[in-house]
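Novice: Each chain, letter by letter, is given below.
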Amino acid sequence: MKRRLGWMLIVLLFVSAGAAVGQEAEEAAAPETFAAPVVIVSVGQSAGAQQARVLAIRAGLDYVFEQRPEFSILEGSQTLILVMGASSKGLGAAGVDIDGEIAWAIDMVARARELEMKVIAMHIEGGARRGSTSDQIIHAIAPLADYIVVKGATPGVEWVESEEADANADGLFSTIAAENEIGITYIAKTLDGVEVLMDLFEIEPTE
Amino acid sequence: MARRQTRLPVVFLLMLASLAVLGVADEPLSHDIRPGYGVTDVRWLSDYFQPLRDTAGDTPVYILEGEQSGGVFLLLGGTHANEIAGIMAATLVVERGVVMRGTVIVIPHANNSAAKQNSGTYNANTPQWFELTTARGEVRRFHYGDRRTQPEDQQPDPDTFVHFPSGIEFAGDEARNLNRNHPGKPDGTLTQQISYALFQLAESENVDIVVDMHESSLTSSLAYTLVCHPRALVVGAFAILDLELGGISLKQEESRQEYYGLSHREFGDRTDALAFLIESPNPGQEGGEQAPDVINDPRAPLSTRVHLQLTTVQAILSNHGLLEGSGDSIALSFPFDLEELVGADLGAYLR
Ligand SMILES: [Zn+2]
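Just so you know, the protein sequences line up as chains L and G, in that order.
Note that the first sequence ends on residue 336 in the working numbering; no numbers are left out.
Note that the second sequence ends on residue 353 in the working numbering; no numbers are left out.
Same shape as in the complex, but just chain L (with noise of 0.2 Å):
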């Protein structure tokens, strides 16, 4: 039973092995590099902005960060980023104006490739930060992005955190990705965003 139990283990460990071995490939398949400086900005008004303003922080990146600012910020930076999730109500107040907020993303993403910058699209708080208002701000944006990166399971590989943690329960970003030829990066743990920052912007460790 116990030697069952090994040769199991060591199965699971070559198909885990391959899977990841696939996704190096993938990788190497499409090297996807972006150029600072760098604008962080909301979509749906979410904290995740300032999560992320705080992975830029971490990664090294020059970086402005302003929740909805003038499209004038744009000029003489390289990438845009634009982080989605809608504020949640229940706080005893309405929620954002969704529609105004996805008018306003698509026209920035517009502003941004007359600069012929270029843009990403980042997710980075989980499931809980899906649901049907959420939702409609990334099936908009996400597909006008060069690259995504979200807090979700990687297709066929098990998700071993909880469950309200995993935005791709469901799919949703891969199936983007995919339809749209899109590079995208699962993460596990929003702080593990910094590494993709520093990936995506090839930026060395400093120490």
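I should point out that these hints are in silico values taken from the structure, not numbers from a laboratory.
Virtual Cβ for every residue (Gly too), placed ideally from N, Cα, C.
Here are the in silico distance ranges between beta carbons for each label pair:
id : chain 1 : residue 1 : chain 2 : residue 2 : range
1  : L       : Glu-287   : G       : Gly-329   : 43 to 49 Å
2  : L       : Val-193   : G       : Asn-127   : 50 to 56 Å
3  : L       : Glu-333   : G       : Ser-335   : 35 to 41 Å
4  : G       : Trp-46    : L       : Arg-240   : 53 to 59 Å
5  : L       : Phe-200   : G       : Gln-292   : 54 to 60 Å
Stretches of chain G that chain L covers, calculated by requiring three or more beta carbons in the stretch to come under 8 Å of a beta carbon on chain L:
id : region
6  : 231 to 239
7  : 242 to 251
Given chain L, put chain G with the ligand in place with the hints provided.
Specialist: Quick look at chain G with the ligand alone, frame taken from chain L:
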């Protein structure tokens, strides 16, 4: 004749009840809280606003002053007295907390009138008391209170409660909800006066951080949330990412402009403090539960909820220290590892 016989005892009982009400309405409720070595001073909230003295709204204020100077942290439990994880987290700080740097001011029962009796706002089957057993085997009893100020402690609810000073309207009974009454009013209702006193305290003690500890139902979208005033968002984001590494996943919500009367909005807007509000899940706030177990429900044991509150407090304090520099930092610790609390018997950690 039969009618008369049943009526007399009712009248008698009513008289007794009104006497009881008159007898205790003028003094604040006492609680079994046993200050530890960390407590350097005990005051009353009325020390900051005299008219609160000899009212049901007065409440003890515990000061834990560290040897090294630093920032000032105000920790509130019992804004809603049925949200007991906040009350017990505050109690644990008073009984076991040690402050090395800065000052921690703890008010375990921010609305002490609400603590007097539980009317079962969310669930009629919640208790009036709960019991915890200490390491020595002593059974300690704690009030399970109400969401709002007791009706007998305040003038009758208006049809519509108009928040001061915004003029925003709420349902009438929200006049007794401390977390809709901030920043209070000196000549207002008891609830407004409690709030006013808290703001006087925050002002005169130069409070740098306020954390108001709350609970919601298990299924509420508010459970596991850290609400941050806009000025507190960065510290909050750092705290949340740290907590995630420790296996605690909290949603971060920004305190929006329209949240008038709520602590995270008003303390942040009207004082220099960074204002936060923590929500842990309480089975007692789940309407459908037939027999809610507010202590040992395996989905959310009280000890685990207290752990959630206190580790979040610690993450806020440590990141505030990192971002603001050591001059304003606050170091609170416990003579045990907070991680031990998860799923543990909370009473064993009390005095
Ligand atoms: Zn509450």
